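With the hints as extra help, turn the sequences into a complete structure.
If you want the building blocks of each chain, they are given just below.
Protein chains: 4
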Amino acid sequence: MIRFNCDYSEGAHPRVLDKLIRTNFEQTAGYGEDPYCRLAAQMIKDRCNRPDADVHFFVGGTQTNLTVISAALRPHQGAVSAHTGHINVHESGAIEATGHKVLSVPSHDGKLTAGQIQRVYEEHYGDLNHQHMVQPKLVYISNPTEIGSVYSKTELTAISETCRKNDLILYLDGARLGYALCAEGNDLDLPAIAELCDAFYIGGTKIGLLFGEALVICNPKLKEDFRYIMKQKGSILAKGRLLGLQFIALFEDDLYFEMSRHANRMARLIKEACIRKRYSFLVPSNTNQQFPIMPGEVINKLALNYVFEYWQQVDDKSSAVRFCTSWATELKAVQQLVAEIESY
Amino acid sequence: MIRFNCDYSEGAHPRVLDKLIRTNFEQTAGYGEDPYCRLAAQMIKDRCNRPDADVHFFVGGTQTNLTVISAALRPHQGAVSAHTGHINVHESGAIEATGHKVLSVPSHDGKLTAGQIQRVYEEHYGDLNHQHMVQPKLVYISNPTEIGSVYSKTELTAISETCRKNDLILYLDGARLGYALCAEGNDLDLPAIAELCDAFYIGGTKIGLLFGEALVICNPKLKEDFRYIMKQKGSILAKGRLLGLQFIALFEDDLYFEMSRHANRMARLIKEACIRKRYSFLVPSNTNQQFPIMPGEVINKLALNYVFEYWQQVDDKSSAVRFCTSWATELKAVQQLVAEIESY
Amino acid sequence: MIRFNCDYSEGAHPRVLDKLIRTNFEQTAGYGEDPYCRLAAQMIKDRCNRPDADVHFFVGGTQTNLTVISAALRPHQGAVSAHTGHINVHESGAIEATGHKVLSVPSHDGKLTAGQIQRVYEEHYGDLNHQHMVQPKLVYISNPTEIGSVYSKTELTAISETCRKNDLILYLDGARLGYALCAEGNDLDLPAIAELCDAFYIGGTKIGLLFGEALVICNPKLKEDFRYIMKQKGSILAKGRLLGLQFIALFEDDLYFEMSRHANRMARLIKEACIRKRYSFLVPSNTNQQFPIMPGEVINKLALNYVFEYWQQVDDKSSAVRFCTSWATELKAVQQLVAEIESY
Amino acid sequence: MIRFNCDYSEGAHPRVLDKLIRTNFEQTAGYGEDPYCRLAAQMIKDRCNRPDADVHFFVGGTQTNLTVISAALRPHQGAVSAHTGHINVHESGAIEATGHKVLSVPSHDGKLTAGQIQRVYEEHYGDLNHQHMVQPKLVYISNPTEIGSVYSKTELTAISETCRKNDLILYLDGARLGYALCAEGNDLDLPAIAELCDAFYIGGTKIGLLFGEALVICNPKLKEDFRYIMKQKGSILAKGRLLGLQFIALFEDDLYFEMSRHANRMARLIKEACIRKRYSFLVPSNTNQQFPIMPGEVINKLALNYVFEYWQQVDDKSSAVRFCTSWATELKAVQQLVAEIESY
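Chains as they are written, first to last, in my numbering: chain B, 274 to 617; chain U, 274 to 617; chain D, 274 to 617; chain X, 274 to 617.
Keep in mind the hints are simulated off the structure, nothing from the lab.
Bear in mind that the values here come from a model prediction, so they are computed numbers and not experimental data.
Please note that the accuracy of each hint is not assured.
Just so you know, same-sequence chains aren't split out, so a pair can sit in one copy or run between any two.
What the hints assert, rightly or not - 25 Å max Cα-Cα, derived DSS-like pairs, lysine-lysine: (1) Lys574 - Lys426; (2) Lys494 - Lys438; (3) Lys605 - Lys494; (4) Lys496 - Lys438; (5) Lys318 - Lys574; (6) Lys426 - Lys318; (7) Lys574 - Lys550.
What follows is the structure, encoded as structure tokens:
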């Protein structure tokens with residue numbers, strides 16, 4: 274069986290692992306207060322063109338999301354999210370467990386629009402009894418979204434302006450950020466994201482690290498006492514340097530983008546095979562996740578040799594499935610899958 | 274200005290107030306451990322035909338809801354609610370503040386159906402990654418709903434069976450329960466509700482008390498240590514007897530239902546006037562809340578003499594508004610309103 | 274049996290009740306947005322000489338405490354309290370349920386000192402790993418304390434200066450504030466308290482109201498969005514005017530202080546009887562709570578005719594008990610108790 | 274500078290790291306549902322002689338503690354802990370952030386006794402108003418404690434019996450468990466601990482892993498839906514196999530105990546040097562942490578060449594410091610330190 278079910282089936286890219294091996298016997302301070310974390314943070318700030326940002330390293334995405342949102346909001350405030358947002362669906366109520374409502378908004382492609390955000394804002398304050406309702410205060414978006422779509426610079430700029438006009442915090446979940454930044458047609462880069470968002474994270478777990486997410490806090494108001502809240506949520510790794518070292522490996526050359534481009538290319542081969550078979554897609558994607566809609570019998574046959582994710586039923590005969598690629602996906606494996614897709 | 278904007282514009286029914294006056298100088302134990310609370314609890318158990326139930330008295334509805342849900346659920350469990358449910362919209366995130374997600378379900382009339390509940394259940398457990406999602410565990414319904422509709426015995430029985438089959442807790446918010454039980458066409462009564470629900474409350478604040486809600490816990494699993502959690506949430510009134518005394522006034526004769534019937538009759542006069550004017554309604558209601566859809570200019574004229582609630586825009590020219598009656602609504606005031614409605 | 278076990282055994286002072294009776298049929302807006310609440314708030318601001326303060330009305334003390342603390346603190350911050358503090362002992366973990374640690378400090382008389390607060394502050398920031406510990410941010414004191422002692426102006430001024438120097442919030446729980454302000458030897462008044470504290474409440478439940486506490490927020494930083502958090506915690510009373518009306522009764526003449534003085538006088542008679550019998554006291558008190566240490570057999574005999582609270586064992590033969598008086602305590606009843614104490 | 278300040282200054286034991294390297298390119302399922310996690314869990318169950326236990330893997334100790342306690346307790350229940358307990362002091366309020374009070378008990382050596390636990394229990398239920406106080410429900414102990422002391426089998430048995438008699442949950446934090454089990458004089462082993470505790474964890478972060486703690490749940494009542502709560506708290510590692518693989522390395526031979534014994538031996542050399550210098554100790558310890566009390570000038574001199582932790586001032590001239598050893602501590606480094614200690 275070959276796995277296309279997610280982008281974290283293997284360990285880490287060898288250059289990442291190598292960093293850990295070569296420093297294994299060094300002694301450093303714990304809790305991220307070591308030279309490697311400092312260097313990694315500096316590299317990220319440089320890449321983002323934000324010398325004033327704060328960078329914090331986390332082990333995983335749910336932790337990052339719940340720590341940021343808990344740190345940013347007062348008790349009566351909520352996070353606006355597309356209904357497909359990870360925090361709304363797949364974190365077992367992590368945000369609510371910190372006391373905050375997720376104010377979910379319908380979305381057909383996983384993205385929020387500036388107009389939707391403006392409407393949520395106006396509907397709240399337009400109600401005389403708004404103090405009886407959760408106050409929208411933070412906007413949560415993912416790029417790429419949970420279903421593979423990508424924000425354009427125009428879209429993100431409009432969202433950012435809407436947030437700033439209304440004193441809303443814009444937070445971008447970049448669990449798979451590299452795949453978005455390397456997607457065909459993308460016009461965003463790290464400096465633009467750092468400019469437009471109050472905080473965002475650069476995901477590593479799903480792009481070649483053993484684990485690790487680098488949170489970048491751009492808005493000074495979100496910086497105060499942040500490490501207290503990380504500690505409280507169990508988000509500070511004792512041997513914090515493991516995170517710093519891995520991010521150094523990502524950014525000391527172009528490894529982060531190199532791996533992202535590879536995964537996107539592999540995904541594109543799958544996409545093109547599906548197009549040739551005239552399969553439609555749940556949502557258009559130029560990133561490492563593809564959601565073709567396939568007849569049930571094809572799905573069943575493919576499932577004999579490949580692991581991929583069943584997503585949702587579309588009609589009586591067809592369902593959407595997810596194929597996911599990563600830095601470790603081999604061309605040979607993709608070619609074998611593509612051949613099989615085309616053969617049915 | 275005459276108020277039709279809610280059912281808590283006045284103080285209490287004189288027979289309720291009289292109870293407080295006549296006992297004012299008596300000395301009793303605090304925190305609801307007095308003879309009046311015991312008597313009131315017994316009267317309610319008798320009315321519900323549930324000698325085994327536990328009855329607890331609260332000052333308000335939000336407190337009741339948040340205490341019950343916090344006591345009933347483990348951290349990863351959520352409350353299923355119609356998207357119009359009070360806990361989902363108008364409690365400023367009170368449920369989330371206790372750590373739990375409200376799993377909202379669309380509803381056109383404010384009610385949930387057994388089928389919807391079954392679907393929520395199946396969709397959760399049908400997903401291989403269900404441990405990454407909030408577990409549906411409690412079903413929250415209101416009767417009457419926030420928009421005036423009423424459950425039939427058939428509907429509530431189906432919901433109850435669905436909940437028991439799937440080990441879900443059924444909790445009924447009865448903030449305006451009397452209005453439902455006295456509504457034209459209603460076929461539910463207190464014993465049936467006590468039989469079908471795991472817990473529910475009989476609302477007093479909106480039916481003639483100064484304040485007060487009587488929670489009836491039927492399911493023994495929900496009883497353990499309940500008063501600890503009441504205390505923790507600030508839900509135990511020091512001079513608890515004030516609650517017992519008021520509920521004695523409600524149930525020592527038929528006052529609760531007498532007041533509810535009066536309010537429903539007054540609301541019906543308004544409804545009939547709207548029907549005569551061929552206004553349609555946001556949702557059909559036989560209870561004390563009416564939601565006619567009126568032209569903007571009519572609304573503006575009525576607003577000169579009456580206080581009522583703007584509900585939502587329906588189209589370019591018309592909006593739904595809410596008229597609300599209570600035990601204290603005078604026939605004369607309604608007749609004046611009706612005449613004015615008919616005059617435009 | 275005559276009750277001396279607490280100060281909330283009866284209903285309300287007749288002048289308080291009368292306010293509710295005379296306004297019972299008036300229509301007003303709900304949720305505290307009525308003219309009576311506005312008037313009561315104005316009267317309290319006048320009494321405190323703080324036209325800029327915000328005043329909010331609550332039903333009970335636990336609710337007030339948990340709402341204020343939840344509104345004031347970020348997740349990693351805690352409330353410093355004497356270990357005898359109500360929030361540390363008798364609120365079933367209400368503060369922790371909002372996510373905050375109570376940082377308890379030993380105290381022999383129920384009071385905190387400026388020196389203790391300074392030490393807590395320095396110990397926290399003196400530790401290199403202070404981000405691994407709860408940050409002290411709010412100081413909770415009660416006046417009178419839970420065991421009847423009273424802060425002097427000198428003491429409160431020193432505490433206030435320590436808090437301001439260290440950017441700590443000073444919050445005073447005034448559940449029985451009147452008894453402190455009318456105690457023999459007291460030199461504090463409402464304007465001084467309003468000047469020295471960031472927020473405090475004037476308790477009514479334990480001084481002659483059916484229920485009610487008036488929170489005074491002096492520090493502008495604590496005002497923002499406060500009503501959202503009240504609603505979230507279930508702390509907004511639907512018929513809010515009941516609170517406004519009762520506080521008008523307290524402050525339109527000197528009723529609050531009149532009742533407090535009466536209770537203190539009654540308590541003093543009990544205290545003097547104990548002194549004549551050479552009983553010592555758990556803690557010296559000039560307020561309405563007295564904690565004499567009595568031989569077990571005396572306690573047993575008194576318990577045949579009076580309800581009072583067993584407090585704690587002191588040695589093999591003796592225990593401290595609590596006698597509590599109120600506005601409703603009759604001289605006749607006290608004289609009977611005093612005679613009996615002296616007879617053993 | 275040589276670090277003796279903690280037991281997590283280096284990476285991982287080479288045999289641990291090797292496991293990760295050799296499996297790096299394998300594809301497995303995520304979230305701990307892979308064969309390596311299953312194997313590691315089985316090995317641990319075998320070692321504990323508890324085929325019925327559930328084993329879950331976490332990245333860090335704070336996460337483990339907060340997840341277990343949040344999963345085990347209802348909202349009104351608290352965790353009894355020595356005041357020196359990690360959850361009471363060094364987790365930034367992690368337990369309170371999940372809503373629960375830590376009920377701290379004074380302890381001179383970091384340990385709780387069965388008698389203390391019984392007293393907490395009796396004091397709670399002995400109070401008529403116990404529903405106004407946090408209910409003690411879980412007992413948290415650490416072995417070794419935060420200050421290096423170790424429970425004997427007799428002590429732990431007495432604690433366990435007290436807990437079972439009173440229906441309290443016994444949870445043991447084993448962040449450094451290996452050091453206790455290999456300490457001179459220890460008579461506990463994994464099967465005994467599994468027999469006596471309801472849940473405990475075997476710490477890896479501080480004993481030779483990159484990171485990782487293995488929670489063993491023995492009491493079936495604590496098992497239900499545990500993974501939901503792990504996910505909610507951000508405690509499930511995406512590439513969960515990294516945890517399984519590391520624990521296989523610990524237990525496929527005696528590596529866990531081998532490393533613990535080495536660290537204890539190194540610590541003993543430091544201890545003996547201090548004894549020779551007639552330094553006393555804050556608390557007697559046979560584990561990898563030593564807390565000698567040294568004159569200030571000696572501390573200052575040692576601080577020029579070694580990193581160790583300042584613990585607390587003892588008198589005008591002396592303070593307690595902490596020296597900590599690990600699997601990676603080299604004999605040569607210890608000999609150098611010992612020589613220097615003896616030279617002053």
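Structure-based check of each hint:
{"no.": "1", "hint": "Lys574 - Lys426", "verdict": "neither (40 Å within a copy, 48 Å between copies)"}
{"no.": "2", "hint": "Lys494 - Lys438", "verdict": "both (16 Å within a copy, 22 Å between copies)"}
{"no.": "3", "hint": "Lys605 - Lys494", "verdict": "neither (49 Å within a copy, 48 Å between copies)"}
{"no.": "4", "hint": "Lys496 - Lys438", "verdict": "both (21 Å within a copy, 23 Å between copies)"}
{"no.": "5", "hint": "Lys318 - Lys574", "verdict": "neither (47 Å within a copy, 38 Å between copies)"}
{"no.": "6", "hint": "Lys426 - Lys318", "verdict": "within (20 Å within a copy, 52 Å between copies)"}
{"no.": "7", "hint": "Lys574 - Lys550", "verdict": "within (15 Å within a copy, 63 Å between copies)"}
In summary, the structure is inconsistent with hints 1, 3, 5 from the numbered list given earlier, while agreeing with the others.
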